[in-house]
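J.: Dock chain to chain to rebuild the complex, using the hints, since each chain is given by itself in its own frame.
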Amino acid sequence: MSVDKDTVKKIARLARLDVPEERQEQIAGELNAILSWIEELGEVDTSAVEPLASVTGHSLPLRTDKITDGNKVDDILANAPEQASGFFVVPKVVE
Amino acid sequence: MENYLNLTATQARAALQKKEISATELTHAYIQAAEATKALNNYVCMTADKALEMAASSDKRIADGNAGPLEGLPIGVKDLFCTTGVETTACSAILKGFVPTYESTVTSQLWRDGAVMLGKLNCDEFAMGSANETSVFGPAVNPWSTDGGADLAAGGSSGGSASSVAAGSALMATGTDTGGSIRQPAAFCGVVGMKPTYGRCSRWGIVAFASSLDQAGPFTRDVADSALMFASMAGHDAKDSTSADAALPDLHAALQASVKGMKIGIPKEYVMEGMDEAITALWQQGQEWLVEAGAELVPISLPHTRYALPTYYIIAPAEASSNLARYDGVRYGARVEAGQSLDDMYEATRAAGFGDEVQRRIMIGTYALSAGYYDAYYLKAQQVRRLIKNDFDEAFEKVDAILTPATPSAAFPLGVKQDDPITMYLNDVFTVPANLAGIPGISVPAGYSDTGLPLGLQVLSGAFREDTLYKVAACLEKQAGFTGQPPRHALAAR
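As they're listed, the protein sequences go chains X and B. Each residue of the first sequence is one higher than the one before, starting from 81 at the first, in our numbering. Each residue of the second sequence is one higher than the one before, starting from 1032 at the first, in our numbering.
Bear in mind the hints are in silico, worked out from the structure with no lab data behind them. Note that this is a predicted model, so its numbers are computed, not measured. Backbone N, C-alpha and C define an ideal beta-carbon position, used for all residues, glycine too.
Chain X side only, calculated, beta carbon under 10 Å to chain B, not exhaustive:
id : residue
1  : Val99
2  : Gly122
3  : His138
4  : Leu140
5  : Asp154
6  : Asp155
7  : Pro161
Taking lysine-lysine pairs in the DSSO-like style, the calculated list, with each CA pair at most 27 Å apart, reads:
id : chain 1 : residue 1 : chain 2 : residue 2
8  : X       : Lys172    : B       : Lys1127
9  : B       : Lys1294   : B       : Lys1420
10 : B       : Lys1081   : X       : Lys152
11 : B       : Lys1270   : X       : Lys146
The shape of chain B in the complex, shown without the other chains (with noise of 0.2 Å):
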């Protein structure tokens, strides 16, 4: 059984195809791994009996010859995805016991194309956090870990997506991606996440956190099967008023294609002070390969990045106090009575319901929008967002795609940064420029900090180049060669 859970959804898939294996044996081999990593708390929810019957239709399918592009691949589902039937929380308390009549567009054309549900998976609450720590199920934990040490993240908000993918507890897993959140946990667990450009999956049934900067997108263990789930991810749907008609680019070509000519961007504002040495060495070694495959190095600037963070913070929270007014205590979720009236109970619900961090940006996001405030703050934001997208177009001009560390650090112990909400959101520092200004952005594993932890580069590109994204993407990783795994009997002891 072992070995089914070293393939990648590609290998699988031809493996499946050949009927070498079934997609019951391969999902058999995820629900048994799933178990055996219990203590990362990756799964919320396990829907063993949902996968195998979906394992059973897809094994008819392949008999009959009418297999989908995803046909008996095993994925992991971010509790943030409505599901039918299936209860999701988007990891709060206000949400529990929810168990949607729909099926959020996204997950929706993952099944019409064959893949088995393995379950829900654990994220910060309503996707607010940058460890999985503000989960009301407790934080995802990363199967990495240094000799000894404690207990690491797995980075957030995807956490359990990322660390499920990484653990081979799921062949795949859906994310969400507002300021970084497949980005950034893909980077601390040593796996490929990509955010794909604004509207080009649909937000329809997807919990909503921020809607001008939400994007679903796939985590996987490498760059070919990005695409592949990706492309089945995407695509327009008119019950989301944002959803893009376009097109997608041939990417199968694009992961053939060489990046010679290709011209990089290398933005110097992404020095950072303090940043890890192993982060500074990988990046020019990142741009070291990219030359010797031809890729010419173009040194841009994008003079606004040092105002990403605290504009993200202004939009970010404004438009989550706005999206998370609907939990009232009346449609679905968790009611606490209090009080005489109607405002009582509304107030005595959320409060109980809505975690710390999810509150104190409720607050912010009030704050920002009230009578008085609204010009200085939220509409200040937007205007330096502007600024910011206009950075990028300009460099756009002059460069195919820019390369980036993914994050400042690699993992870090769970519980260390919890006190000061700053810390945690510097976190995001290279991952939010890319959600303000609505292009896509890959995390491709691409080497080790001194202490053995995966680290990862980020490739942007322009906005619906996903093709660019993984023509560079999948350079990288073969220049790279990164093939560590977390060690799976180090799992096994846990």
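This is chain X alone, in the form it adopts within the complex (with noise of 0.2 Å):
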């Protein structure tokens, strides 16, 4: 699996990241650094192994749905870049 310059152009879409073009070359070569030495994984076997996602073994606790906290608008909007009447603004997204 070799990663190219389509293929970051793809990944930096999905991440949400502006590659510019003149660096893709360059990060692709990186990234298949990085994925040559990861795939020794592919060495072990796994067939007969369950993924391992919780190291603790707890199952999530649950709490009763009630409202515990709340009214914190100012809060909430104190670190935004930009906010108007309680909202945070945003580039227009409908016409």
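T.: Spelled out as structure tokens, the structure:
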């Protein structure tokens, strides 16, 4: 599995990173170096191994469905680059 | 003033209780030390006024007989912990100017127990690095150096934490460890660094890197201080669903206990080709120290060790790519306006705000999680992760603790390992397995390289057995008699 310039463009798009054309080749090279190092895992027979998602083995705790917090509009907006009337402001998405 | 800075936290606490010094005097001394060692670039934000206010409150509580376990002790906070009203950047351009309106659980517990906050400490950007070189503020510098040598890396990602405790500009410091970010810099700077069992310390309010691996832990001058600070940091927190509801073992008793009769595992897979000879010798010496103290050595095998790093470099970037999706220029941090659409703004903001290493890891993680590759990379890594954990589970049926070197080398000069990411990743070869298995690990300064730089030994124990960890660490500390400090006059001359 080798990453080319087009794949870099596609991943960058998925990751919402603007990777300029002139950097794509170099990044493809870096990703390939790391991926070929990772390929080593192919040697390990994992056909009968359950994937491990949590080391603790605990199941996630449930809490009662009750509001315990809130009314923090000012706190939530305190660090917003742009806000208006209690909302975050983003570039226009609907015509 | 100078002598205050040489006290351990345990000693400073006793001096405060006996009113030989005040918290205000102690805090003053640390603020001055931090200013005098500015060239080490440890603090990215000093909070001197806040520190003196907190110290004054501590002095009042001491006078009233209401002192907490950390009353009046000045500590530094890695810039990954959210602190109310104090800028928290994760040393990234994308979070510059972010001032949290809430406090992380771990730091709030430290303040609850009377600790004094000196400021925020340098680290790698989003804790991604092993030399503190990916920080937007530039690298923290190791206070140790070879004669006339170049500036050395303090290690990473918690470089500012390790360096400040070693340089005497913080009595203790918080760190986080995702793949070795506490233990490696502790070893490089000659201080004690401990990564607790996954789930011991709440992750709430800590800027997330890889959520299934991240754990907060203490940096201290000695092992007893480490247990003292850890006890304050740990505890169940309903706000972190992975926080463990498990009582702490008796750490005080563990520090006094003998290792007599304990079984210490020596994993054959930790013999690395090309490893510094002084490290091999120190590892051998550590084994002899434990035998002299009555422990028994047991050769063990952790057969999947060599797959730990590649496994880590799938899981950590995959989780990071997901965690870092929140930095979108809408809710906090810097925004770069570009193009016409929302997506154009996201892409421009993230490209400008994230550094090269962070972007590299986001790309790797996104690729590993993308359609068609998920099974080959992420699922495969999770399967190997189970095998790595099984190795440890089997080992801890036979032994109480495991002894390994902390790092494959002593501190290296800044700037030399930047070209090749994989060379930099290899720094964490001995520390990453503990994160994958969720077990605790501690790095104890125990000797020196040929050029006089500190070297650390690592102790690993079973999950939730930090008592075992501290028992062995205290023994190594006593036997090693490591009292080394970077020469203060050299620091003053910087």
